[in-house]
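> Residue numbers (the working numbering), protein chains in the order written: chain A, 55 to 216; chain B, 21 to 363.
None of these hints come from the bench; they were simulated from the model. Check before you lean on any hint, since a few could be wrong.
Pairs of lysine-lysine residues, derived as BS3-like cross-links and limited to a Cα-Cα distance of at most 27 Å, are as follows [as the list claims (entries may be wrong)]:
id	chain 1	residue 1	chain 2	residue 2
1	A	LYS207	B	LYS258
2	B	LYS349	B	LYS214
3	A	LYS207	A	LYS56
4	B	LYS214	B	LYS225
5	A	LYS189	B	LYS258
6	B	LYS258	B	LYS354
7	B	LYS225	B	LYS139
8	B	LYS214	A	LYS189
9	B	LYS349	A	LYS56
10	B	LYS132	B	LYS225
11	A	LYS200	B	LYS258
12	A	LYS77	B	LYS225
13	A	LYS56	A	LYS182
14	A	LYS182	A	LYS77
15	B	LYS214	A	LYS200
16	A	LYS189	A	LYS56
17	A	LYS189	A	LYS200
18	B	LYS139	A	LYS189
19	A	LYS200	B	LYS225
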Amino acid sequence: MKLGPALKRLHEAELDLAGDFRKIGERHAADHDVYHQSRTFSMQCERHAELLGPIADRYGSSVSEDDAPGLWDSVMEAVRRRSSAGLGRRPVSGVVLLRDLRELYLAAHETLIAWVIVRQGAMAVRDKELLELAKELQRETDLQMKWALTHIKVSSPQVLAS
Amino acid sequence: MQIFRYAEQGSISFLWIIGTNPAVSLPELDRIRSILAQDRLFVVVSDAFLTETGELADVVLPTALWGEKTGTFTNADRTVHLSEQAVEPPGEARSDREIFLDFADRLGLEDKDGQPLLKWRTPEEVFNAWRECSRGRPCDYSQISYDALRGGSGIQWGGERLYTEGEFPTDPAYCEDFGHELTTGVTFSEVEFKALNAAGRAILKPAPYIPSPEEPGDDYPLRLNTGRTVYHFHTRTKTGRAPQLQGAAPDVWVELAQADAERLGISDGDVVRVESPRGRVEGPARVTGMREGVVFIPFHYGYWDRDGRNGHDRAANELTITLWDPASKQPIYKTAAVRVERA
Numbered sequence: 055m056k057l058g059p060a061l062k063r064l065h066e067a068e069l070d071l072a073g074d075f076r077k078i079g080e081r082h083a084a085d086h087d088v089y090h091q092s093r094t095f096s097m098q099c100e101r102h103a104e105l106l107g108p109i110a111d112r113y114g115s116s117v118s119e120d121d122a123p124g125l126w127d128s129v130m131e132a133v134r135r136r137s138s139a140g141l142g143r144r145p146v147s148g149v150v151l152l153r154d155l156r157e158l159y160l161a162a163h164e165t166l167i168a169w170v171i172v173r174q175g176a177m178a179v180r181d182k183e184l185l186e187l188a189k190e191l192q193r194e195t196d197l198q199m200k201w202a203l204t205h206i207k208v209s210s211p212q213v214l215a216s
Numbered sequence: 021m022q023i024f025r026y027a028e029q030g031s032i033s034f035l036w037i038i039g040t041n042p043a044v045s046l047p048e049l050d051r052i053r054s055i056l057a058q059d060r061l062f063v064v065v066s067d068a069f070l071t072e073t074g075e076l077a078d079v080v081l082p083t084a085l086w087g088e089k090t091g092t093f094t095n096a097d098r099t100v101h102l103s104e105q106a107v108e109p110p111g112e113a114r115s116d117r118e119i120f121l122d123f124a125d126r127l128g129l130e131d132k133d134g135q136p137l138l139k140w141r142t143p144e145e146v147f148n149a150w151r152e153c154s155r156g157r158p159c160d161y162s163q164i165s166y167d168a169l170r171g172g173s174g175i176q177w178g179g180e181r182l183y184t185e186g187e188f189p190t191d192p193a194y195c196e197d198f199g200h201e202l203t204t205g206v207t208f209s210e211v212e213f214k215a216l217n218a219a220g221r222a223i224l225k226p227a228p229y230i231p232s233p234e235e236p237g238d239d240y241p242l243r244l245n246t247g248r249t250v251y252h253f254h255t256r257t258k259t260g261r262a263p264q265l266q267g268a269a270p271d272v273w274v275e276l277a278q279a280d281a282e283r284l285g286i287s288d289g290d291v292v293r294v295e296s297p298r299g300r301v302e303g304p305a306r307v308t309g310m311r312e313g314v315v316f317i318p319f320h321y322g323y324w325d326r327d328g329r330n331g332h333d334r335a336a337n338e339l340t341i342t343l344w345d346p347a348s349k350q351p352i353y354k355t356a357a358v359r360v361e362r363a
């Protein structure tokens, strides 16, 4: 059975996406709505990964637990927030925002595909617990993706026409 | 809020603020002032009095108030009122309509036939243009006219009751937009909206509880709530100049719960300082029966009527946070983390 590796892949995708939301949110701290929503989504992704951990274990693909942010991460976090204050006053910040939102959209889409695969697998092996979880969390990933797209639509006119 | 973000970023360079006072009414005033004060942003303010926002403007256009101009206004309960001019506006003041028309004329706005783009001139012509614009749409003013409005005290658009047959404007071909997810502001597509198959039924949207982005903690242990007093409207541009109203509520105060005041050694009437990560406010304490852990400050008070005192420590929005509801875009005025001490 290959459900274990698929779960591990999904777990990684969630952690990557959590990091993307955190980093990109901090880079755009002057866009307050982007910053706060990204932080919320980042925590949502971390929760997804936490819930997936024991299930991946159950399917024989253990996920390492030493992914907590270390000292270097918190230093980088402060640097990103500080530099975003300077960037936030420059017109180019809009272009950077568009680029970053595009990256988030693609990363969320990647995670969503990993969910679709796991969900289909859960159905095949009749794992009701995983199926219920997948249904609930996939909806959140879908919303994360659509949020990025909504923001791309909202931001593009002002960035491109100004 | 988004417009101010664009102005901060430099992608808006001309801002015309009409009859509103963001330098007191928006969150995080230090940020708002620094945006309005930028050299690269040209700010025009239209208002009847010189507001805190007007002080930061490059050009101020004095405008007529109600009673000095004719026009309609609509209450939150859909009632349309006609307000007729009683006196001439003072000095150089003109109505917003006259200013807009003058601006359009100076810009030389024309239609494809070389005629003036705006066909309306008088208040009644403006209203009639709006009647046509709204005809057959969910907010339909076409049944209301100046003549009808002169016959009574006010008329509700859509009649006294809406949706009496249980029929709501959710037909995809008729509705104004396809709506949003409430926690993220994600817009629904036409396809998603059609899949709801509302077919004239109302759409009720659930949303889970989401904690505030700034919860009270060690440094700022109390929760700030801002709001109103019955004696003033918004930033007191008019009510602060009505002696009876001004006399009833002349200055800012800080409302505290009994238990919090005791713990902080504060008695009723003591001058206290309230600080958030963004600014501070000073005012006399009022110890009341409000909920423990919460501080209340009315947001009406700014700086135009301070006698000789300097510093930005009177407006409640010095303290509030720059963030808004993703669907309604309403700023978050009702929660921010603060600390309180005797001044």
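> Against this structure, judge whether each hint is valid.
Taking the hints in turn, this is what the structure says about them:
1. A:LYS207 x B:LYS258: violated, 40 Å
2. B:LYS349 x B:LYS214: Since the Cα atoms of B:LYS349 and B:LYS214 sit roughly 25 Å apart, the hinted pair holds (cutoff 27 Å).
3. A:LYS207 x A:LYS56: Violated. A:LYS207 to A:LYS56 sits at ~38 Å, over the 27 Å cutoff.
4. B:LYS214 x B:LYS225: holds, 15 Å
5. A:LYS189 x B:LYS258: At roughly 55 Å apart (the allowed maximum being 27 Å), B:LYS258 and A:LYS189 break the hint.
6. B:LYS258 x B:LYS354: Since the Cα atoms of B:LYS258 and B:LYS354 sit roughly 24 Å apart, the hinted pair holds (cutoff 27 Å).
7. B:LYS225 x B:LYS139: violated, 42 Å
8. B:LYS214 x A:LYS189: holds, 22 Å
9. B:LYS349 x A:LYS56: Measuring from Cα to Cα gives roughly 46 Å; hence the hint is violated.
10. B:LYS132 x B:LYS225: Roughly 45 Å separates the two Cα atoms, so the pair is violated.
11. A:LYS200 x B:LYS258: violated, 44 Å
12. A:LYS77 x B:LYS225: violated, 31 Å
13. A:LYS56 x A:LYS182: holds, 17 Å
14. A:LYS182 x A:LYS77: violated, 35 Å
15. B:LYS214 x A:LYS200: holds, 17 Å
16. A:LYS189 x A:LYS56: Roughly 20 Å between the alpha carbons, so the hint for A:LYS189 and A:LYS56 holds.
17. A:LYS189 x A:LYS200: holds, 17 Å
18. B:LYS139 x A:LYS189: Violated - the C-alpha atoms of A:LYS189 and B:LYS139 are around 56 Å apart, more than 27 Å.
19. A:LYS200 x B:LYS225: holds, 17 Å
Taken one by one, the earlier hints fail for this structure at numbers 1, 3, 5, 7, 9, 10, 11, 12, 14, 18, listed in ascending order.
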